[in-house]
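*Asks:* Residue numbers (this note's numbering), protein chains in the order written: chain A, 19 to 201; chain B, 23 to 399.
Note that these hints are calculated values from the structure, not bench results. Hints are supplied without guarantee of correctness; some may be wrong.
In silico lysine-lysine, DSS-like type, Cα no more than 30 Å apart, as pairs [unchecked claim]: (1) B:Lys307 x A:Lys180; (2) A:Lys93 x A:Lys107; (3) A:Lys180 x A:Lys93; (4) B:Lys307 x A:Lys192; (5) B:Lys307 x B:Lys344; (6) A:Lys107 x A:Lys192.
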Amino acid sequence: MRSGIHLRLIPGGQAPIAPVEPLDFDRVFREHAAYVAAIGLKIMGRDDDLDDLVQEVFIEAHRGLGRLREPGALKSWLARITVRRTIRKLRRTRVLMLFGLDAPSDYAEIADVSATSDERAQVALAYRSLERLPVAERVVWVLRHVEGESLDDIAQICACSKSTVQRWLRLAQKTLEQRAPHV
Amino acid sequence: MFEPTSEKVEEALRHIQVQWDVARTEDNLRLARQRIRRRGRTRVAVAALLLGVAIATGVSYRLLPGVREAGKAPSVVQDSLGHGLRFSDGSLAHLLDDRSQVEVAVVTARAIDLRLTVGRSEFDVVPDPGRTFTVHVDGIVVRVLGTRFRVEREDRGAYVSVYRGKVEVRWPGGARVLAEGQTGHFPEEIAEPQASPEGEGPHKIEPAAPVLSAAEISRPAAPASRARFRALATRGRYAEAYRVLAGAPGVVDSGAEDLMLAADAARLSGHPAEATPYLERIVRKYRGDVRAPLAAFTLGRILLYQLGRPGEAADAFALVRKILPEGPLSSDALAREAEAADRAGQRERARGLAEAYVAKYPSGRRLESVRRYGQFE
Numbered sequence: 019m020r021s022g023i024h025l026r027l028i029p030g031g032q033a034p035i036a037p038v039e040p041l042d043f044d045r046v047f048r049e050h051a052a053y054v055a056a057i058g059l060k061i062m063g064r065d066d067d068l069d070d071l072v073q074e075v076f077i078e079a080h081r082g083l084g085r086l087r088e089p090g091a092l093k094s095w096l097a098r099i100t101v102r103r104t105i106r107k108l109r110r111t112r113v114l115m116l117f118g119l120d121a122p123s124d125y126a127e128i129a130d131v132s133a134t135s136d137e138r139a140q141v142a143l144a145y146r147s148l149e150r151l152p153v154a155e156r157v158v159w160v161l162r163h164v165e166g167e168s169l170d171d172i173a174q175i176c177a178c179s180k181s182t183v184q185r186w187l188r189l190a191q192k193t194l195e196q197r198a199p200h201v
Numbered sequence: 023m024f025e026p027t028s029e030k031v032e033e034a035l036r037h038i039q040v041q042w043d044v045a046r047t048e049d050n051l052r053l054a055r056q057r058i059r060r061r062g063r064t065r066v067a068v069a070a071l072l073l074g075v076a077i078a079t080g081v082s083y084r085l086l087p088g089v090r091e092a093g094k095a096p097s098v099v100q101d102s103l104g105h106g107l108r109f110s111d112g113s114l115a116h117l118l119d120d121r122s123q124v125e126v127a128v129v130t131a132r133a134i135d136l137r138l139t140v141g142r143s144e145f146d147v148v149p150d151p152g153r154t155f156t157v158h159v160d161g162i163v164v165r166v167l168g169t170r171f172r173v174e175r176e177d178r179g180a181y182v183s184v185y186r187g188k189v190e191v192r193w194p195g196g197a198r199v200l201a202e203g204q205t206g207h208f209p210e211e212i213a214e215p216q217a218s219p220e221g222e223g224p225h226k227i228e229p230a231a232p233v234l235s236a237a238e239i240s241r242p243a244a245p246a247s248r249a250r251f252r253a254l255a256t257r258g259r260y261a262e263a264y265r266v267l268a269g270a271p272g273v274v275d276s277g278a279e280d281l282m283l284a285a286d287a288a289r290l291s292g293h294p295a296e297a298t299p300y301l302e303r304i305v306r307k308y309r310g311d312v313r314a315p316l317a318a319f320t321l322g323r324i325l326l327y328q329l330g331r332p333g334e335a336a337d338a339f340a341l342v343r344k345i346l347p348e349g350p351l352s353s354d355a356l357a358r359e360a361e362a363a364d365r366a367g368q369r370e371r372a373r374g375l376a377e378a379y380v381a382k383y384p385s386g387r388r389l390e391s392v393r394r395y396g397q398f399e
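Generate the whole structure from the sequences, applying the supplied hints.
*Replies:* Set out below in structure tokens:
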């Protein structure tokens, strides 16, 4: 377009203003932050590191957002990043706890206000049991039994095969049943 | 014995719910943006270093103008919804209502010139040192230095707000650079003061036992301490930033950005009461700033959930809606105001607010809890 040529833009229709960029970072953040936080909370079992996790996930997403060709894949892509970041945090927490640099969490706090005291105790017990699992087994168990994801979706989120997911679930289940703490 | 897949356990696990609301989203979005910008600056510094090394080792800088000359003018298209313009370099002009109009005057490899002829528009400009990006409103010229900003036509001039980066605003007889978070009416000689006089309006917030007085906040500190405070706070090292702040309150200047950093340093290092004077100052002095609604909302949350002062919290949430009635925090602020009023024993106010919420947001996310505050059941 050369200098001096005028293009007048007159918007039509009464549709609500929509962001021009289909994968605008702010919009993606606002629409999916709660989803990312929910997955993070369920896997980690604690709220105190959640804000940092959500920020890290979207900072990583920010770098790849422009390359994402299929907007429909956004949610599972974010879930993959979340799982990867959460695994790192869990491993770091384990090392810190090993050296006494991180206090054990009160898992009962992650139950909502409508939970009974017995349900809170069950939640705490479940997460204390999950601490005994290898991180990968813990993640697939939570995605399956807490988040309610299908085996196919878990395989996609964890970037592994469905049979690997099934194997990890079996191992997790066996460990939980054999080595679960008593109430 | 714990049975991991028993019905009892499954039922209990259904109660794991994340406490995540609009304010927490906005708060984290702001912090994530800060971290992204910081990383961007680091990359730019590294790139600059590499470029310097390349030049020093014999890569001819003369090639660069040649490349630039060969560059094509960016193309421009109207977006599919008809609400803006999209340039091939990634820059955007986004009209904010149906009435607004932008004219494209010049698009070349070296310059993009737009004219805002009616209404309001936001601009998200991809930095390019090889070309200028300017927006004209009558005699006022907004020159972009790589940024996201908004321009609104007014009866006698324009209102400019900068979300990211910097712009230079020129008008016959003056010029001013606006940085991130700053706003202004131009030409400046017709500008009205943005700050509301202290104590004006029905929603006055009295400083509630401020730890730092306004004078203390404004007392200048050594530039080195100030730079250290800003560096720590923007890197998210709030405990260290707060220690610097507590030792020298003057590290915070009176700008909205510094006040927000101070509030973050205080509250995120476990000193919520100390955060309130900073938030109150933002709300009082910078009501036109993009941070003001979030500052009022954060103030309300601290007063309600951490300091146990629900009456004052209700006033803070009311301010959110007063400052930006249809903003992203409005519905949540209304719900929280109802909750705060209920906790403060202001039953009539709580009921009125709950009714307003139900009428305005019939499928709102907090509908159920708001009904409780309004004692509808």
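*Asks:* Hinted pair, alpha-carbon criterion (30 Å max): A:Lys93, A:Lys107. Please report holds or violated.
*Replies:* holds (21 Å)
*Asks:* Verify the proposed pairing of B:Lys307 with B:Lys344, using a straight-line Cα cut of 30 Å.
*Replies:* holds (15 Å)
*Asks:* Regarding the pair A:Lys180 and A:Lys93, is the alpha-carbon distance no greater than 30 Å?
*Replies:* Holds - the C-alpha atoms of A:Lys93 and A:Lys180 are around 19 Å apart, at most 30 Å.
*Asks:* Given the hinted pair B:Lys307 and A:Lys192, is their alpha-carbon gap at most 30 Å?
*Replies:* Cα-Cα ~61 Å, so violated.
*Asks:* Between B:Lys307 and A:Lys180, is the straight-line Cα distance small enough, at 30 Å or below?
*Replies:* It is violated: about 58 Å lies between the C-alpha atoms, which goes past 30 Å.
*Asks:* For the pair we were handed, A:Lys107 and A:Lys192, check the Cα-Cα distance against 30 Å.
*Replies:* Holds, at about 25 Å.
When each numbered hint is compared with the structure, violations occur for hints 1, 4.
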